[in-house]
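Participant: Read off the chains here:
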Amino acid sequence: MNVQMLMRAALVCLVTVLASAPGAAHHSTAMFEWGKEMTLEGVVDKYEWTQPHTFIWLNVTGKNGKAEQWAFEGMSPSWLGRRGWNSRTLKQGDALKIVYYPLRDGRKGGFYVRVILPDGRKLEAMPQRSS
Amino acid sequence: MERLRIRVALTAAAVALGALAGCTGSNADSSAAGQAAAGSGPGAQNGYAEIAKLPDWSGVWEPVARPGRGGPPPEPPKVTPAYAAQYAAYQEKNRTTPGINFISNVANCVPPGLPGSMLQPYPIEFLFSPGRVTILIETYSLVRRIYTDGSPLPENPDPTYQGTSVGHWEGDTLVVETIGILPETSPLSGINGHSDKLRITERIRLVEPDVLEIVTTREDPEVFVEPYTTTARYQRHRDWKMMEYICAQNNRDSVDEHGNPGINIERKPGE
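Line by line, the protein sequences are chains P and F. Taking the numbering used here, the leading residue of the first sequence gets 13, the next gets one more, and so forth. Taking the numbering used here, the leading residue of the second sequence gets -9, the next gets one more, and so forth.
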């Protein structure tokens, strides 16, 4: 790989990142506090590998010890599937930490940005923010 | 005996020719009735040999620079008074939260019309066959059929999301003309609806070995004071495969008539 090819690859990568922000494909993101990262721990109840969005349904133990169910919309298989994710990436029973942009209306949900597995691996689930 | 055989053969040939003529005639009739010709024009006869002369557009094309995303924003369009208010309101929203203020119905899984369909976030793919270029659009699983066999655009096609298209090659550039686009679709982000006069012209060519450029011009005297042109670029991925995209599979998003977005996170028992 020569310098010119490297430059071109870097440019394409940059353009891709810019073009992809903010990310969500077919709807406004105004119902989320877009860019405000929150973290929550829980156990996967269901992972939906579906268009137009994937969903992580998470069982969480609330502050008072009460069981809560949270819903996290994510990027589509069309985006995630070309960046290392597939329908088997998460499954029922998986314990994980989820980083998300919360819903503005206070309901238990948001848009997932990345998932952190018990061994510390981070699975990025969105275009990296350029600003 | 030999003479009889020849006579039978000649008769058969005459019948076949007659049938062919009748067939061609009926094609001409349906064409006159406003049907788009289906790859039966003069270009189709050259068949697959002609396709070998076309540029190589194989592979999967990822949009990397769309108007307003991935590059400097294009010059704003000159919009007629009838559409100025909604476009200004969109611009104002976009100033605070750029790129996310969709007002069209796509959040409800109603697919975008042309040209929005070509500016979706997921890839497109081209298929060449005699007299025809087919564009497959991953987002919403859309198909565009572009007749390149020399047939003219019909005068009054019934409106559809992707309209009725014909194309021709100018060197290595495919020039596509489209009319008959459903008037409730969005000709540009921030403008909902247009007249039945909307005409889209696309010039599609390779600008680098793996970069495809599409220059899109929108003409509709009821929306745009003058033709409005934007440019998009697509990066080739030879190792990608197109994916299925069925919007109704699990759409929990919505948008109301004012553009207010919603999301349903209720789960029915057993879901």
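Hints are computed from structural coordinates only; laboratory data are not their basis. Quick reminder that beta carbons are idealized off the backbone N, C-alpha and C, glycines included. Just to be clear, a hint being listed does not mean it is correct.
With the C-beta cut set under 7 Å, the calculated list includes, among others, these residues of chain P facing chain F [as the list claims (entries may be wrong)]: (1) Ser40; (2) Ala42; (3) Thr51; (4) Gly54; (5) Ala79; (6) Ser90; (7) Gly96; (8) Ser99.
Participant: Can you give the numbers of the hints that this structure goes against, from lowest to highest?
Facilitator: 3, 4, 5, 7, 8
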